[in-house]
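In order, the protein sequence lines correspond to chains A and B.
In terms of the working numbering, the first sequence is residues 1 to 48.
In terms of the working numbering, the second sequence is residues 49 to 824.
Keep in mind that the hints were calculated from the coordinates and are not lab data.
Treat the hints with caution; some may be incorrect.
What the hints assert, rightly or not - What follows is a list of derived Cβ distance ranges for each label pair:
id, chain 1, residue 1, chain 2, residue 2, range
1, B, E647, A, S41, 30 to 36 angstroms
2, A, K45, B, H172, 40 to 46 angstroms
3, B, G256, A, K45, 46 to 52 angstroms
4, B, T158, A, S41, 37 to 43 angstroms
5, B, E647, A, K45, 23 to 29 angstroms
6, A, K45, B, G204, 37 to 43 angstroms
7, B, G636, A, S41, 23 to 29 angstroms
8, A, S41, B, E388, 44 to 50 angstroms
C-beta: ideal position from N, C-alpha, C; glycine also.
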Amino acid sequence: MSEKEMSLYGEGVGFERIRRITGYLVGTIDRFNNAKRAEVSDRVKHGV
Amino acid sequence: MIFTVKKRDGREMPFNIEKISDAIIKAFRASGELDEQIKAAQAQMNLLGNDDLLTNVALKVAADAVGHLEADNKTKPDIEEIQDAVEKALTEGGYADTAKSYILYRAERTRVREVNTRLMQTLHDITFSSAKESDLKRENANIDGDTAMGTMLKYGSESAKHFYTMMMLKPEHSRAHLDGDIHIHDLDFYSLTMTCCQIDLIKLFRNGFNTGHGHLREPKDIRSYAALAAIAIQSNQNDQHGGQSVPNFDYAMANGVRITYRKAYLSNMVKALILLTGMEEGEILPVVKKLHSEMAEMGMVATLVPNEKFQETEIRELSKTYDAEIVNKAQSFAEKMAYEETDKTTFQAMEAFVHNLNSMHSRAGAQTPFSSINYGMCTEPEARMVMKNLLLTTEEGLGGGETAIFPIQIFRVKDGINLNPGDPNYDLFKLACRVSAKRLFPNFSFQDAPYNLQYYKPGHPETEISYMGCRTRVIGNNYDPSREISYGRGNLSFTSINLPRIAIKMKSVDLFFKELDRMLQLVSDQLMERFAVQSRRKVKNFPFLMGQGVWIDSDKLGWEDTVGEVIKHGTLSIGFIGLAETLVMLTGKHHGESDASQELGLKIIRHMREFCDKESKRLGLNFSLLATPAEGLSGRFVRMDKKKFGIIPGVTDRDYYTNSFHVPVYYKISAFKKLSLEAPYHALTNAGHISYVELDGDPTQNLEAFEKIVQHMAKVGIGYGSINHPVDRDPVCGFVGVIGDVCPRCGRSEGHAISCEKLEELRKKFPGMPAFKGIR
Ligand SMILES: [Zn+2]
Chain A
1 MSEKEMSLYG EGVGFERIRR ITGYLVGTID RFNNAKRAEV SDRVKHGV
Chain B
49 MIFTVKKRDG REMPFNIEKI SDAIIKAFRA SGELDEQIKA AQAQMNLLGN DDLLTNVALK
109 VAADAVGHLE ADNKTKPDIE EIQDAVEKAL TEGGYADTAK SYILYRAERT RVREVNTRLM
169 QTLHDITFSS AKESDLKREN ANIDGDTAMG TMLKYGSESA KHFYTMMMLK PEHSRAHLDG
229 DIHIHDLDFY SLTMTCCQID LIKLFRNGFN TGHGHLREPK DIRSYAALAA IAIQSNQNDQ
289 HGGQSVPNFD YAMANGVRIT YRKAYLSNMV KALILLTGME EGEILPVVKK LHSEMAEMGM
349 VATLVPNEKF QETEIRELSK TYDAEIVNKA QSFAEKMAYE ETDKTTFQAM EAFVHNLNSM
409 HSRAGAQTPF SSINYGMCTE PEARMVMKNL LLTTEEGLGG GETAIFPIQI FRVKDGINLN
469 PGDPNYDLFK LACRVSAKRL FPNFSFQDAP YNLQYYKPGH PETEISYMGC RTRVIGNNYD
529 PSREISYGRG NLSFTSINLP RIAIKMKSVD LFFKELDRML QLVSDQLMER FAVQSRRKVK
589 NFPFLMGQGV WIDSDKLGWE DTVGEVIKHG TLSIGFIGLA ETLVMLTGKH HGESDASQEL
649 GLKIIRHMRE FCDKESKRLG LNFSLLATPA EGLSGRFVRM DKKKFGIIPG VTDRDYYTNS
709 FHVPVYYKIS AFKKLSLEAP YHALTNAGHI SYVELDGDPT QNLEAFEKIV QHMAKVGIGY
769 GSINHPVDRD PVCGFVGVIG DVCPRCGRSE GHAISCEKLE ELRKKFPGMP AFKGIR
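Extracted from the complex, chain A is given alone in its bound form (with noise of 0.2 angstroms):
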């Protein structure tokens, strides 16, 4: 294999999940605190 197939990129680098939190946005849910997380996991879509 070449020197150019074997270089990766992305090791450790997690996906961006912007969520709507009280009227704002926030950048990752790694910020939120503990009752914001389980809310937002706990929410079911509502259909239309």
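We have chain A; now place chain B with the ligand onto it with these hints.
Structure of chain B with the ligand alone, referenced to chain A:
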């Protein structure tokens, strides 16, 4: 014999009976029980100081206490044992009142000690835990608790809260707050600031303003308009603890576009004439410039949508100097080019504005200002150009395609202006839906909801409804009914009631209302206490908010004046949390499940609103009812209630209480029904409200449904609403949309690497992909 005492920290200290008698003396002084005897002794022999008698009695009691300890064989007593013995000795000596005040003194000391311990423990946690482990550090999701400045802010904020609860709040307010009956929001700013303000940019820009770091002149084009708007938001944020909002972004920025167009028109007219006549710039520029300024004095200026009066006069006048055909040609060239240039410049200005608000910091560098902008109803072409470009740059995202977190954008919806096909701004409404479907903003506010419409006077943008991003709303004005506007006003402070706790404690509906009334009165008193503290602040304490005349009528005050009178235009708000859990506790079902519960829910919230109205009348101020946003609060209340009352199904069995009047997030319900159930609460919560709908998947694929939901919001009387949907992004390949376990663009799963070769291949298809650094 007793030689040593065990201190609380375990150390042994030499025994000193005077320390015990000192405490006893304090107790006697507090009770006054020996006062008569001391007086008598003083009368008898003037030479003997009153302290001597007191000391003698105290030493005698202390000796008795030591006797008790020795009798119990406690040769190395600890503090608690000594205090027990003193209580006993006082009681036996017949000093009942003093025994009582000694017990109080003990309790007070314990309280101070506990508070200090708690403070030290809090500071310890802030110091030694990362934000990932510490809930405290994530209390506010937009402050990075791991940075040095974030940590410093936390020290200050926690210490201030301890100080205020101990030294400034009335004990009953402090206790209610610490026990979790109520929550006094932004307590760390208790004696310092008011919450938020709607900044009228047009007024602020009129003569330029001073940020404290120098005077900024009235802006001269859309770029400087947008830059100054960001600076104004940032400057004002330093004087308040809540968010900053612009109520008239469309109207204000339109003025900047006007100036930019005029300049672009002039320069293109000159260019065209140079080219068409073959003359020099030095010959042409002075002629056209002079004509334009003469025409401006007569009220004729070049406008984005050309006006005949200007066009005709310009042609007539310039044709005196140049060939008429050339002038005609030059004019249409200038119009076309000036439009395009202005459009482009406006886009860049909006792009920079959004970028600025996401990167600039206030408050010691730890937090981006909480900014909001309201727009949507101005139908002038210049304002339309602003809104279009703002939406387009929002859709595009920040540099690497990231979704902008700020400002919160609020698109104001009104029938006849933008809601329906044929309305002059309907195209912008559709664009707003498209952008919101991708980027979560804008949110939508509804001018036609009856409780918003009642204030609206066409031709007076200051009467349009404005929201502060998180939901705060200020428009009615009981203090001064002639000023029912949003400009220059805001919330002063708010305190929320733990509704579920009242239901848990009272169980029956009748008793619930009784206790609710007690709580409402307590909160009202507390808000008034804080208002009194805020009223004593001076203009100089708010160099921008008051010093630059941002707050209504503050321009009539001097630097040393107190702000008490002008802040009466602000609101004092009573908030609440967990209506759903309250209803489950009282009836077994929440309002999403049962009509009877909905009826009771409305009765409760209406009752609270009526209380606010009554207080407004009684006190001549603006009390209002808030559907509390509750970022840090939803967990705090339920944590305490779980400890106090145990796990109650549907009430305390989750890690959060449901937001304000919302139907619980875990409950399956259609978007339309949810909105219809929540809308009547919007009408009651005049301090602010918001309703959310959660959509699955990627709504940009179904814009029709998205638009239908917004129209339903308008129909059922929602005041402020927004639609949530997942917005994920892979920083490696730049994909934005819904990402499950695997990125749909590059195929990597979270945390895994992919080959650079594959990324290069993808770049051919997606040229906008972020440049990757740190290749291994
Ligand atoms: Zn990817």
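Which of the listed hints are not met by the structure?
No numbers; nothing is violated.
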